[in-house]
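Protein chains in written order, with the numbering used here: chain S, 1 to 294; chain B, 1001 to 1301.
Read the hints as simulated data drawn from the structure, not as lab findings. For glycine and all other residues, C-beta sits at the position ideal for the given N, C-alpha and C. It is possible that some hints are incorrect.
[What the hints assert, rightly or not] Just some of the chain S residues that point at chain B, by a computed CB distance under 8 Å:
no., residue
1, A82
2, P85
3, Q118
4, V137
5, D176
6, V275
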Amino acid sequence: MDLFLQQLANGVALGAVYAMFAIGFGLVFATMGILNVSHGTYATWGAIAALALLERDVPFVGALVGGVLAAGAIGVVVDRLAFEPLRRRGVGMLGSIITSIGAWIILGDLAQEATDAQARSFPSGSFPSGFVEVGGVRLGYPQLLNILVAAALVVGMHLVLTRTRLGGAIRAVGYDAAAASLSGVNPRLIIALTALLAGGVAGLAGVLSALSTNNVSFTMGEGLLLKGFAAVVVGGFGDVRGAALGGLIIGVSEVLGAQYISNDFRDAITFGLLVLFLVAMPRGIIGEREVRRA
Amino acid sequence: MPAFLSSSYETTLEFAIVSALFALAVYVAVWAGLLSLTPIALGAVGGFTYAAVQTDHGIGLPAALALGAALGALVSLLLSTFLLRLATHYVAMATIAVVLIGRVVVLNLDVTGGAAGTGLVRRSTTGSLLLVLALVCWVLARLRRARLGLAVETVREDPVVAAALGIDVRRVQRAMFCLSGAIGGIAGVLEADLLQYIGPNTYYVDLGFVTLAAVVLGGAYHWLGPVVGALVFAFLPELLGEVMDSGENIANGVLLILIMIYLPRGLVDPARVLAWRSRLATWLPRRAAGERAITEAVVER
């Protein structure tokens, strides 16, 4: 029983990172209709930026903020250069997938050079270490941080998107940019803000993932991308709660599956869930309900 | 081997041919309106089967290619039973999932060598690779002019109209999905043969993304497009590598974004050829005005 609780907690901590990543990835898909393949590299760059700051003796919180800002800035730049020109031409979803592949190639290649294709890790002592123990369950500080930050992010993002004018504007632009601009929303600004928000959240997931796995490498974003994609499909597009729930389900089932079934089938469980949901429940658990009428 | 090709360019050409085959496999699915990465997973089926039977039974390349094509088509048929029921953009996602699961299967089977991968002996030559590519192109060129090709074109342009014209949309898509899988299987066999070592990461999403990019870069409206796209994608970094120390792949990324913005239909675009022809026709008065009217009508659509 203790082992089960411990693994459940580990799963939740892992799922928290997936959830964070999935929130940004899902937001871009739901509001802009972009299946952004390069989203994982934003996380990689967030972690690389944080690593560079930590190596220059910047305190951990500063490095975390720096990683988030760097990834957010990359998100905005990619949106301006690779997605904005297509929006004006109305090339559709395939077009944005292809330009995001272009951005993925560029950012991935640059990340490979920035890290010399080596796996690195945050310098020891540069971040808080230790653990807390609650009822026989041990959680390291990084794991605890994942859970707390993810929880705050889910609640915060959900409130922003559903209760504020900014959130209303983001959803309105996602639904119909022209109609939104008729009601006084500036779609260009809102799209840039959404890209900043989504990129920043990806950076946050990247830094925290690097912290809890002790690994900064140019391929780390790929894993997050695939798991985040699965999380968004399982939980449902277009809803922060769905992405978060999907991330948790993927994280917990991965850890419990590795413990009780077989470590070899860790990814099989994740991607099996992905296929199962695509076939049986393509809108996910908390799916976007389309109320569009002809 | 042509004398002007130095040996390093010959290697690049060989890999470009295999990329072109993968790109053609993806193109065939796109042609029928299905964005699909399953050819990558079927490439794994072909490649690992080839590796297994080569070590155990010493199978030759032609037999391996036939086997790869047959398995590719068969597994596609099985996959199509649930994949083609999905709405279009979920098909794309589900095919990515198929590739992801393919890697897990490769990691956990004994015949594939698990995480260590498996080796094989090279049997192909540049000439035989070119021959296979030419054969596949010939089949697609014939298909383009056949009744099925016309039906496929209609399905892509508008499935509802196609259905109204009496075309069985599901059957056409399933047929093209299987053809796509067969070409994917062939490409997988040749990729394995060329690399002489394949592992769980050989046929993975990276290959899928780059293949899809090559298709769209070259143009997804004619079989020549994917071939051109794959050649550009293989040779551009190679040529730039001579003048740059690093980052030559970045050029592919930049090119991809520029092409999508300025030539969203890709480098090879039959509609553009038609447009040129009709413009030419205005200067050459002997050309029948009737043809001009037809081509202009096509271009306008």
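Here is what the structure says about each hint:
no. : hint : result
1   : A82  : holds, 5 Å
2   : P85  : holds, 4 Å
3   : Q118 : violated, 15 Å
4   : V137 : violated, 29 Å
5   : D176 : violated, 19 Å
6   : V275 : holds, 5 Å
Violated hints, listed in ascending order, are 3, 4 and 5; each of the other numbered hints is respected by the structure.
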